[in-house]
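S.K.: What follows is the residue order along each chain.
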Amino acid sequence: MPAGSPDIHDLEPQAFLEEVHSFEFWFQAVEGYLSGTTWGHRPDVSEQPLPDDERERLITVFCNYCVGETAALEGASGLIAIAPNHLAKVFLSTQVADEGRHLEVFYRRMRDLRVVDPELEVERRASRSLQLFRRRLLELVAGRDWEAAIFAQNVILESLEFAVFHDHARTADPVTGDVLRRVIKDERRHIGFGENELGRRLANAPHIRARIGQIKKELDRLVLDALEETARHLALARSDQDRLGRAYLESVERLGFGP
Amino acid sequence: MRDEAESVVGDPSAGAHEGERQRFILEDTGFDEVPKKYRRFYRKWKGAGDRLGPNEVICPVCKVVIRSSRTLRPGDRVYCMPCMSRLVVVLNDATGMLEAHVAY
Numbered sequence: 001m002p003a004g005s006p007d008i009h010d011l012e013p014q015a016f017l018e019e020v021h022s023f024e025f026w027f028q029a030v031e032g033y034l035s036g037t038t039w040g041h042r043p044d045v046s047e048q049p050l051p052d053d054e055r056e057r058l059i060t061v062f063c064n065y066c067v068g069e070t071a072a073l074e075g076a077s078g079l080i081a082i083a084p085n086h087l088a089k090v091f092l093s094t095q096v097a098d099e100g101r102h103l104e105v106f107y108r109r110m111r112d113l114r115v116v117d118p119e120l121e122v123e124r125r126a127s128r129s130l131q132l133f134r135r136r137l138l139e140l141v142a143g144r145d146w147e148a149a150i151f152a153q154n155v156i157l158e159s160l161e162f163a164v165f166h167d168h169a170r171t172a173d174p175v176t177g178d179v180l181r182r183v184i185k186d187e188r189r190h191i192g193f194g195e196n197e198l199g200r201r202l203a204n205a206p207h208i209r210a211r212i213g214q215i216k217k218e219l220d221r222l223v224l225d226a227l228e229e230t231a232r233h234l235a236l237a238r239s240d241q242d243r244l245g246r247a248y249l250e251s252v253e254r255l256g257f258g259p
Numbered sequence: 001m002r003d004e005a006e007s008v009v010g011d012p013s014a015g016a017h018e019g020e021r022q023r024f025i026l027e028d029t030g031f032d033e034v035p036k037k038y039r040r041f042y043r044k045w046k047g048a049g050d051r052l053g054p055n056e057v058i059c060p061v062c063k064v065v066i067r068s069s070r071t072l073r074p075g076d077r078v079y080c081m082p083c084m085s086r087l088v089v090v091l092n093d094a095t096g097m098l099e100a101h102v103a104y
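So the protein sequences, as listed, match chains F and Z. Sequential numbering of the first sequence, starting at 1, is according to the numbering used here. Sequential numbering of the second sequence, starting at 1, is according to the numbering used here.
Derived by calculation from the structure, the hints in this document are not laboratory data. Treat the hints loosely; a few may be bogus.
Said to hold, decoys possible - Simulated restraints, written as ranges between beta carbons of each label pair:
hint: 1; chain 1: Z; residue 1: ASN92; chain 2: F; residue 2: GLU139; range: 22 to 28 Å
hint: 2; chain 1: Z; residue 1: TYR104; chain 2: F; residue 2: GLY143; range: 22 to 28 Å
hint: 3; chain 1: F; residue 1: GLU56; chain 2: Z; residue 2: ASP93; range: 49 to 55 Å
hint: 4; chain 1: Z; residue 1: VAL88; chain 2: F; residue 2: GLU18; range: 18 to 24 Å
hint: 5; chain 1: F; residue 1: ALA203; chain 2: Z; residue 2: GLU27; range: 33 to 39 Å
hint: 6; chain 1: F; residue 1: GLY213; chain 2: Z; residue 2: ASP93; range: 28 to 34 Å
hint: 7; chain 1: Z; residue 1: HIS101; chain 2: F; residue 2: ARG246; range: 17 to 23 Å
hint: 8; chain 1: F; residue 1: GLU139; chain 2: Z; residue 2: TYR104; range: 22 to 28 Å
hint: 9; chain 1: Z; residue 1: ALA103; chain 2: F; residue 2: ARG170; range: 16 to 22 Å
hint: 10; chain 1: Z; residue 1: VAL90; chain 2: F; residue 2: GLU18; range: 23 to 29 Å
hint: 11; chain 1: Z; residue 1: VAL90; chain 2: F; residue 2: GLN28; range: 38 to 44 Å
Note that the Cβ used here is the ideal one computed from N, Cα and C, for glycine as well.
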C-alpha cells in the first residue's frame with residue numbers, strides 16, 4: 001500500500017479479518033523484526049555478565065516462561081482441530097510457529113546462562129501454579145471447549161505473558177531484553193486474536209458468559225500466584241506487581257468479566 | 001471511516017478546517033510489526049511526553065498508536081493490525097480526548 005493509496009481503515013471488516021488472519025500477513029510481519037536475528041536477538045547485542053544470584057533468579061524466571069510457552073504451544077496446536085472456521089485454523093497455525101520459536105529461544109537463553117539441561121531445570125524450578133494452569137488448559141482443549149480454551153490460553157495466559165514480558169524487558173540484561181521485545185511483538189497478535197474471537201462469541205451467544213466466568217474464577221488464583229512468584233524472582237516492588245496484575249486484568253474486564 | 005467532506009492539506013501543521021477533515025501524509029516511523037505496506041498506519045507510543053495527533057488513537061488492547069490519513073472523529077472505524085482488533089473512535093466526555101473502543 002504505497003503512500004497516497006487508500007486508508008487501511010477503509011477496508012471492509014471481513015476483508016480486514018481475512019488479511020490479518022492469513023499466513024501471508026504473518027510471514028511479512030515477522031520478517032520485519034526477526035530477519036537477521038540469531039536465537040531471537042540481534043547478533044550484535046553483547047552479553048553482559050550477571051552476578052551469580054541474579055543469574056540464578058533469571059534462570060528460574062525462564063523456567064516459568066518455558067512452562068507458559070509450552071502450554072501455549074500444546075494448547076494452540078490442539079485448538080486447530082476444533083477451531084470453528086478456516087481463518088481461526090490458519091491463525092492458530094501461525095501461533096503454533098510463534099510459540100515453538102519462543103520455547104526454542106528461551107531454552108537457548110538458559111543454555112547461554114550455563115544451564116546444562118534446560119528441560120530438567122524447568123521440571124525442578126517452575127511454578128506449581130503455572131504447571132497446574134497448563135494441565136487445566138489442556139483439559140479444556142481435550143474437552144473440545146473452544147470458548148473456554150481460547151479464554152484460558154489467548155486471553156488469560158497471553159495477557160499475563162504480555163504484561164510480564166513487557167515489564168521484564170525494561171530492566172533485563174541486553175540479550176534477554178532484545179529476545180523479550182521480539183516475543184512481545186508476537187504476543188500482540190495472540191492477545192488480540194483471543195479477545196476479539198471471544199468477544200464475537202460472547203456477543204452472539206451470551207449464554208456462554210456464565211461458563212467463562214466460572215473458568216475465570218478457577219484460573220485467576222493460579223495466574224495471580226504465578227505472577228506473584230515470577231515478580232518475586234524479578235525483584236519487582238509491590239507497586240510494580242500490582243500494576244502488572246491490573247494490566248493482566250484489563251483485557252478480561254473489557255470482555256465484561258470484572259474482578 | 002465515515003464519508004464526509006474532506007480537505008486535502010497534506011501538511012499536518014496547516015490546521016484543521018471546521019466541518020471538514022484534514023488529510024495527513026503518513027510516513028513510516030519504523031514500526032516493524034506489520035507488513036511494509038501497512039507500517040505507516042502505526043507507530044509506537046513513546047510514553048510520558050508523547051502526544052496523540054488529531055488523526056491518532058491508542059489501541060486499548062495492545063497499546064500501539066493507530067494512525068489515519070484523516071482527522072479522526074467519534075464514530076469512525078479504525079483497525080489495529082498488530083493485534084487484529086476492529087475499533088470504534090469515541091469521545092471521552094471526562095477528558096475531551098478521542099479514544100478507541102474494541103468493536104467485537
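S.K.: Taking the hints in turn, state whether each one holds.
M.R.: Comparing the hints with the structure gives:
Judged by the Cβ atoms, the range 22 to 28 Å given for ASN92 of chain Z and GLU139 of chain F is violated: they are separated by roughly 41 Å. Between TYR104 of chain Z and GLY143 of chain F, the C-beta spacing of about 24 Å keeps the proposed range 22 to 28 Å intact. Against the hinted window of 49 to 55 Å, the Cβ-Cβ separation of GLU56 of chain F and ASP93 of chain Z comes to about 51 Å, which satisfies the hint. For VAL88 of chain Z paired with GLU18 of chain F, a C-beta distance near 20 Å keeps the hint of 18 to 24 Å intact.
For the hinted restraint 33 to 39 Å between ALA203 of chain F and GLU27 of chain Z, the CB-CB distance of approximately 37 Å keeps it satisfied. The hint said 28 to 34 Å for the Cβ distance between GLY213 of chain F and ASP93 of chain Z, and at roughly 30 Å that hint holds. Taken as a hint, the range 17 to 23 Å holds for the pair HIS101 of chain Z and ARG246 of chain F, whose Cβ atoms sit roughly 19 Å apart. Distance hint for GLU139 of chain F and TYR104 of chain Z: a CB-CB separation of about 26 Å, consistent with the stated range 22 to 28 Å.
Our hint of 16 to 22 Å for ALA103 of chain Z and ARG170 of chain F is violated, since their Cβ atoms are close to 31 Å apart. In this structure the hint that VAL90 of chain Z and GLU18 of chain F lie 23 to 29 Å apart at CB holds, the actual value being about 26 Å. Judged by the Cβ atoms, the range 38 to 44 Å given for VAL90 of chain Z and GLN28 of chain F is violated: they are separated by roughly 31 Å.
When held up to the earlier numbered hints, the structure conflicts with 1, 9, 11 and fits the remainder.
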